[in-house]
Amino acid sequence: MLAFILRRLAQSIVVMLVVALISFMLFRYVGDPIANLVGQESRISDIEELRQRLGLNDPFYVQFARFIANAVQGEFGISYRLQQPVTELIVSRLPATIELAFASAMIALVFGVVLGVFTALRPKTFATGVIMTLSLVGVSLPTFLIGIGLIYIFAVELQWLPSFGRGQVTDLGWWRTGLLSESGRRSLILPAITLSLFQLTLIMRLVRAEMLEVLRQDYIRFARARGLSKRAINFGHALKNTMVPVITITGLQLGSVIAFSIVTETVFQWPGVGSLFINSVQVVDVPVMAAYLMFIAFVFVVINLIVDILYYAVDPRLRVHGIGAGK
Amino acid sequence: MAEAEKMTDPILSVRNLVVEFPLRRGLFTAVDDVSFDIAPGEVLGVVGESGAGKSMTGAAIIGLIEPPGHIAGGQILLKGKRIDNLPPDEMTKLRGKRIGMVFQDPLTSLNPLYTIGQQLIETIRRHLPLSQAEARQRAIDLLAEAGIPAPADRLDSYPHQFSGGMRQRVVIALALAAEPELIIADEPTSALDVSVQAQIIKVLKELCESRGAAVMLVTHDMGVIAETADRMIVMNRGRIVETGSVADIIKRPKEDYTIRLIDAIPSIRDETRRHVVPPSATPIVKVEQLTREFDLSRSFLDRMLGRSGRKVVKAVQDVSFEIRKGSTYGLVGESGSGKSTCARMLVGLIPPTSGRVLLEGDDIWAGQAATSKRRQRVQMIFQDPYASLNPRWRVGDIIAEPIRALKLADSRGEIRDRVADLLERVRLDPVSMRKFPHEFSGGQRQRIAIARALSSQPEFIVCDEPTSALDVSVQAQVLDLMRALQDEFKLTYLLISHNLAVVRQMADDVGVMHNGVLVEQGPVDEIFDRPQRDYTRMLLDSVPDISNVE
Chain C
1 MLAFILRRLA QSIVVMLVVA LISFMLFRYV GDPIANLVGQ ESRISDIEEL
51 RQRLGLNDPF YVQFARFIAN AVQGEFGISY RLQQPVTELI VSRLPATIEL
101 AFASAMIALV FGVVLGVFTA LRPKTFATGV IMTLSLVGVS LPTFLIGIGL
151 IYIFAVELQW LPSFGRGQVT DLGWWRTGLL SESGRRSLIL PAITLSLFQL
201 TLIMRLVRAE MLEVLRQDYI RFARARGLSK RAINFGHALK NTMVPVITIT
251 GLQLGSVIAF SIVTETVFQW PGVGSLFINS VQVVDVPVMA AYLMFIAFVF
301 VVINLIVDIL YYAVDPRLRV HGIGAGK
Chain D
1001 MAEAEKMTDP ILSVRNLVVE FPLRRGLFTA VDDVSFDIAP GEVLGVVGES
1051 GAGKSMTGAA IIGLIEPPGH IAGGQILLKG KRIDNLPPDE MTKLRGKRIG
1101 MVFQDPLTSL NPLYTIGQQL IETIRRHLPL SQAEARQRAI DLLAEAGIPA
1151 PADRLDSYPH QFSGGMRQRV VIALALAAEP ELIIADEPTS ALDVSVQAQI
1201 IKVLKELCES RGAAVMLVTH DMGVIAETAD RMIVMNRGRI VETGSVADII
1251 KRPKEDYTIR LIDAIPSIRD ETRRHVVPPS ATPIVKVEQL TREFDLSRSF
1301 LDRMLGRSGR KVVKAVQDVS FEIRKGSTYG LVGESGSGKS TCARMLVGLI
1351 PPTSGRVLLE GDDIWAGQAA TSKRRQRVQM IFQDPYASLN PRWRVGDIIA
1401 EPIRALKLAD SRGEIRDRVA DLLERVRLDP VSMRKFPHEF SGGQRQRIAI
1451 ARALSSQPEF IVCDEPTSAL DVSVQAQVLD LMRALQDEFK LTYLLISHNL
1501 AVVRQMADDV GVMHNGVLVE QGPVDEIFDR PQRDYTRMLL DSVPDISNVE
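From first to last, the protein sequence lines stand for chains C and D.
Note that our numbering has the first sequence beginning at 1, numbered continuously upward.
Note that our numbering has the second sequence beginning at 1001, numbered continuously upward.
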C-alpha cells in the first residue's frame, strides 16, 4: 500500500513537470506580453528595460528552471493586468469556485446515484422512461444554454432567485464563504444546478448501466436463492459492486467540474477562478494562465490519487497482499 | 408413476409443470408437462443436454425464473403445500429457509466485496433468530462441516482468497445455512477438477444425508449422477423422457433418446481403439526438457519496501516427450498442472524459458524461417468455440484467414473454393460461409474452428480441451469428426483434456502432468489399466464413471 502510494506520487510529479513545461511554453509562444503591457508610444529603451526586469532575455532553460523553482514555492509571478501576485489572486478567488464545485458535485452525486438506482430497479416503468428522456436533454444541451435558460425562468420570469454574483459574503479570515448568508445560499442554487446537470446525467446513466449489469451476476442470483431481502440485495450486494467504476468517473468529473466551471462562472458572473482565467485570456495575462493550468493539473492529480486509494477501500481483490492471502 | 407406493410423503412434488417464454418469434415452452417427486433424504438426478429445461425446472421450483419466463401451468408442492402461486414476499422467505440452491460456478456465486463470514452471517440471521455472536459460531460450524480447514480464521477472508473447490464448499455451507428441506444443486461440480469434484460430491451428499434433506441434482454429467443419485430423470426439449432408478436407466435404458445419450458418453474403461498407428511410426514432434517460468515477483519498489524476494513460478518443468506421426498424444492433469502452458509453447504462442520443441527435427523457435514454417504446419483448436471465433467476421473469412495470412492461395476464387471444400470436410454446408458465428450452435462452431485449423494444411494440431464446452452427444460427433479427419489427412494431434474418458477414447499415448512435471507417460491402455504413480491412480479413481453403477 505504501509502495503503491509512493509510486503514484512519483508519477504525479512527472505529470506536474510536464504540465509545468507546457504552461511555461505559454509564456513564450502565446504572444509577446510586453506588447500588451506597454502603450503604443513607449520608447524602445523602456521596453528593453522592462524585458530585462521581467527576465525575458534569459535563455529558455534558465527561465524554465526559475519558473519551476518559483512554482514549487507557490510563486507564479505578478499578474500583468492586475499587478498583483498571481498566487494571491487565485487564493482569493478559490473559495468561490470550490464552493460552487462541491455544491454541484454533491447535487450530481446524490441525485445521480439515486436516480440511477431507481431507473435500474424499475427498468420498464413510465417514470424511468421520463427520467431517461430528460437525461438525454441534460447530456446534449450545452452548459451556457442551460444557464441562460435557468436565469430566464427563475430569475427573470419568476424572480425567485438572483441571476448573477455571489450574494453576501462572510469573511472568515482565510476563507470567504457565501454559505452563511441567505443571499449567498440563494445565489449558489442556479449556478450549482447548471454546473451539475451534465455530471448528474452522466453519473445516473453510468450507475444505471452498471447496476443492470451487476443485477445479472451469479452472486445476485445466489443472494436471491439464499432468501435475502430485496433491500439487502439491491443496496447491500448490488450497489457496492457498482461503485468501483462510478468512483472513477465521479472523481474525474469532480476534477472537470472545478476545471471547466469557466462557462458557468461566466454566465452567472461568479467571482471564481474560472472567470479570472477568462479575463486573463482576453489580455494575454500569461502568469495567471500558467498558474491556472498548474492548479488544474494539481487538482486532477490529487483527485486521481484519492480515487486510487478509494479502490483499495471498496474492492478487497485489489488488496492482493492483505489478510489471510494464501493461507 | 411407478413409485406412487412410496411410504413417506414426498418433500417435493412437481405436477404437470409448464414454463413458457414469450419471445419475439412466438411462445417458447422451456419446460413442458413435467411431473416428479422427491422423497426425504433422496437424491434425484436430472440429466439432459443444454436446452433440455433441467435448470429451468430448478429455477421454477425456487421461484427464480428470469422474466419474461413464467410458470404457465401445473403445480409445485413443498410438503403438500402449493408454493408456485405464493406472493413474492412469502416466496422470498421460503428461499434459503426451506429450499436451498447451489449454482454451477463457485467463482461467480459469491459476492467478491464481502468476506465469506459476512455473507454467511447475513444469511443465517435472515432466517434464524440468532444474535451476531451466535450466528458467527454457527457459520464456523457450517464451514467446518463443509470441510474448510481452520474455519474460525478463514471466516474473515474474501472469496478470492479461496480456491474453486473451497469456494464451492462455502457455497454449499451457505445453501445449507438455514437447514432447508430441499437442496437444488445446479451443475454443482461442472466447473471443478475431477479430484475436487469427487470431494464436493461427497460433502454435498454427506451434509444432506445427515440433515435428511432431499436433493435435486441437475447435471449434464451422467457419471456424477451414477455416483451420487438414487433415482434419475432424463430430460430432452423440456419434457421428461425417462424416469427410474439410476441403475435401471444406465444399464437398461428404454427410450431411444436415453440409449443414444448413454452411448455417446465415453468411459475410462472403454478399450475400443479406433485406429492403429503403425508401430514403426517416426516421431513428428519431439519435446526436449521444456521449461517455462513465470516471474510473479512484485515490482522493484514493492520488493524494496515489502522486503519480499523474487517469486518465480515454474509452470512447466523439464518436460520431454515424443509424438509419433499420425498418432494422438493425450495430455491430462488438473487445472494449473501446466498442460495448457505446454500446448502454447508447442504452437509457438509463448516462448519456452529453456528446452526445445522439434518439429520433424527443426527447432520451431529457431529464427524467422522456422517461425513461418511453424505457422503453416502447426495449428490449434481452442476450448471455447463461443470465444475463439470473431463474432464480427463471416465464417468464410474466419476460415480463409490462415490461407490469406500465409499466402497459400492467390485468387479470391481459389480461396473460396478451398473454404467451401473445408466446410464440406467438417460436414457443414458451404453456404454457411456467408453467415456469422452466432448463427451456429456450439458443436457447429467447433467444426468451424476445426476447418480454420485445417485451412493451412497442417500436419500437427494442438487441441486444447476441444469438447469440454459441448454436450455429450455433440462431443461424440466432434470426436468422430476429428478421428475421420486424422485418417483422411494423416494428422497428428496433441489432445489436452481434463476429461479422462475422452483421452482414453482418442489417444494412443498419454502423458500425465502434475504441478508442471510430467509424472508418467506411456501407451494409453498401459497408463489407464496399470498406472504406476499414486497421482495417476488418484486421478483415475476420482473420475465419476457410469460403468461404476452396480
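Wrong hints could be hidden among the right ones.
Quick list of simulated restraints, FRET-style, between CB atoms [what the hints assert, rightly or not]:
#1 V1313/D - V91/C: 50 to 60 Å
#2 P245/C - E1134/D: 36 to 46 Å
#3 D1295/D - Y311/C: 17 to 27 Å
#4 F1294/D - L252/C: 30 to 40 Å
#5 I1350/D - A65/C: 41 to 51 Å
#6 S1473/D - L252/C: 43 to 53 Å
#7 V139/C - L1296/D: 40 to 50 Å
#8 R1537/D - P245/C: 41 to 51 Å
#9 A3/C - L1086/D: 24 to 34 Å
No lab work stands behind these hints: they were computed from the structure.
Backbone N, C-alpha and C fix where the C-beta goes; we use that ideal spot for every residue, glycine too.
These are the hints, each one checked on the structure:
In this structure the supplied range 50 to 60 Å holds for V1313/D paired with V91/C, their Cβ-Cβ distance being about 54 Å. At roughly 38 Å, the beta-carbon separation of P245/C and E1134/D lies within the given 36 to 46 Å, and the hint holds. Checked against the hint of 17 to 27 Å, the pair D1295/D and Y311/C passes, with Cβ atoms roughly 25 Å apart. Range check, F1294/D to L252/C: about 34 Å between beta-carbon atoms, so the 30 to 40 Å window is met.
A C-beta distance of roughly 47 Å is found between I1350/D and A65/C, which places it inside the suggested range of 41 to 51 Å. In this structure the supplied range 43 to 53 Å holds for S1473/D paired with L252/C, their Cβ-Cβ distance being about 51 Å. Between V139/C and L1296/D the CB atoms are about 43 Å apart, so this pair conforms to the stated range of 40 to 50 Å. The hinted window of 41 to 51 Å between R1537/D and P245/C holds, with their beta carbons roughly 48 Å apart.
In this structure the supplied range 24 to 34 Å is violated for A3/C paired with L1086/D, their Cβ-Cβ distance being about 55 Å.
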